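Chains U and V are the protein sequences, given in the same order. First residue of the first sequence? That's 7 in my numbering, and the numbers climb one at a time after it. First residue of the second sequence? That's 6 in my numbering, and the numbers climb one at a time after it.
Mixed in with the good hints there might be a few duds.
Capping the alpha-carbon separation at 27 Å, the derived lysine-lysine pairs in DSS-like fashion look like this [what the hints assert, rightly or not]: (1) V/Lys-72 - V/Lys-49; (2) V/Lys-225 - V/Lys-277; (3) U/Lys-190 - V/Lys-191; (4) V/Lys-161 - V/Lys-216; (5) V/Lys-183 - U/Lys-190; (6) V/Lys-163 - U/Lys-190; (7) U/Lys-190 - V/Lys-104; (8) V/Lys-104 - U/Lys-17; (9) V/Lys-249 - U/Lys-190; (10) U/Lys-171 - V/Lys-191; (11) V/Lys-179 - U/Lys-190; (12) U/Lys-17 - V/Lys-183; (13) V/Lys-191 - U/Lys-17; (14) V/Lys-267 - V/Lys-249.
Hints in this document: simulated from the structure, not taken from any laboratory. Since this is a predicted model, take the numbers as computed values, not measurements.
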Amino acid sequence: MDFAFLLECFKRLLAGVPLTLGLSLFSCAIGLVLASAICAMRLSKKVWLDYPARGFVSIFRGTPLLVQLFVIYYGLGQFSWLRGSFAWTYLREAYWCVLAALALNTAAYTSEILRGGINSVQHGQIESALSVGLRKDQIWRCVILPQAWRQMLPAYGNEIILQIKSTSLASIVTLMEVTGIAAKLVSQSYRPIEVFVCAGALYLLFNFVVTRAVTLMESRLTRGMRR
Amino acid sequence: MQLKSLMLSAVLFSSVCASFANADDSQVIRIATEGAYAPWNFVKPGGQLDGFEIELARDLCDRMKAKCEISAHDWDGLIPSLNGGQIDAIMAGMSITPKRQEVIGFSRTYAAPLNGFLVLANSSLAKLPGDAKSIDLDKDETGAEALINQMAPLLKGKVIGVQGSTTASAFAEKYLSKVVEVREYKTVDAHNMDLMSGRIDAVLANAVVLKLATQDPSLKGTNMAGPIFSGGVFGPGIGIGLRKSDTALKAKFDEAITAAVKDGTVKKLSEKWLKFDVTPLE
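Please model the entire structure based on the sequences and the hints provided.
Here's what the structure looks like:
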């Protein structure tokens, strides 16, 4: 193990960290907003909202993220009418294509996590809330969401970790994040083991921080409830 | 009890047979190629590999009286697979460069490296100076640099795509990165698609590959522009990648290639596939 080379690796890979973290953060944020909307559509009992939401979730959960990325990046670029429209200023740049693919993908998974969390709140709680005269928005804010959030936190923590790792696909469409820089380093130095161990260690570090944050939040939310 | 001894003898018998099978494996040369670099190497619609290098490989193996297995691999994985022992030779349009020679060995060259630009015919870059002029960076580096300076005003603010880990990307980094933005792609097809959609303004790659690409209906409206570079960072030519320790195999390949060059096989195959003669001059 050449430690001087490992250190050099780390320094070169750090240049990709802002892009990796930026993509993960923004795609998670946009995904969460989208997921809430889709979850609302799924939970509304209206068929004309429910079924499109089901279709969206089915498509984006059922196809690989790489395929979705290729469709958005290369596939959309094939339509000349799209290239002439205002959307092309964004779709032309790889960053927005990757962000869109990541956000749509995580929205599908997260909407199911949200729906599972909300459905797990005992119906008796909602009935008692109604019987003491709480308004609908108060029931959501004070009864359903806190309990649903507590229930879905482990699964959502999983989703955040998966997002951080999914950003590594961005290098396939020319974005130089950590994995892209690592691949370039390997092609220059021909030492795949050291370089990829370095890159892996960086991802491990990010995921460790996320895991600790989620565990901390979990323990605070379940204060007094732990057996 | 009988079943157990029957199974035991079956296992022993098959392992003995397997050890005999191994005795022939040392004669098989596993050649790896990319399969995404038409007309040098590509995958036919039926799924089989074909191209200039595939036919040349079969010819060389016949001359060496060895059995060859040709398979397709990811470009970035070729050298690691070679050093890891999963393959024995690389024939994938890989140029001989000092950087690569630090980690692998090469046979003698079997084709000269010619690289050029591909642009959209209706873009401003179609008027790049140096129309198809051949520039050897070894013999005329100052002339090349002067030509690049002439190209600079046209290239300013544009984006050029190259395949990663290639001599084209090394050239782009050395001479063009101060003038244009250079984007690296995993394959030649990927950067050609982005040229068509307008994400990049030009592509730098092997001139033969690009010339064939202009005839592809999905790349309608593209044209080669600017000079054709060789030598310098592009190296002395395309060779077969081999492990450094495999000196016996290198000697066999060298002999076969020299024979193929001498009797005109390389010229014939290159005119058939590459539409011009890339026989190296030595």
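Each hint, compared with the structure:
1. V/Lys-72 - V/Lys-49: Between V/Lys-72 and V/Lys-49 the Cα gap is close to 22 Å, so the pair holds against 27 Å.
2. V/Lys-225 - V/Lys-277: 23 Å, holds
3. U/Lys-190 - V/Lys-191: 11 Å, holds
4. V/Lys-161 - V/Lys-216: At roughly 25 Å apart (the allowed maximum being 27 Å), V/Lys-216 and V/Lys-161 satisfy the hint.
5. V/Lys-183 - U/Lys-190: 19 Å, holds
6. V/Lys-163 - U/Lys-190: Given that 27 Å is the threshold and the Cα spacing comes to 22 Å, the pair holds.
7. U/Lys-190 - V/Lys-104: 14 Å, holds
8. V/Lys-104 - U/Lys-17: 22 Å, holds
9. V/Lys-249 - U/Lys-190: Roughly 23 Å between the alpha carbons, so the hint for V/Lys-249 and U/Lys-190 holds.
10. U/Lys-171 - V/Lys-191: The hint holds at about 19 Å.
11. V/Lys-179 - U/Lys-190: 15 Å, holds
12. U/Lys-17 - V/Lys-183: 23 Å, holds
13. V/Lys-191 - U/Lys-17: 24 Å, holds
14. V/Lys-267 - V/Lys-249: Distance ~26 Å between V/Lys-267 and V/Lys-249 Cα, so the pair holds.
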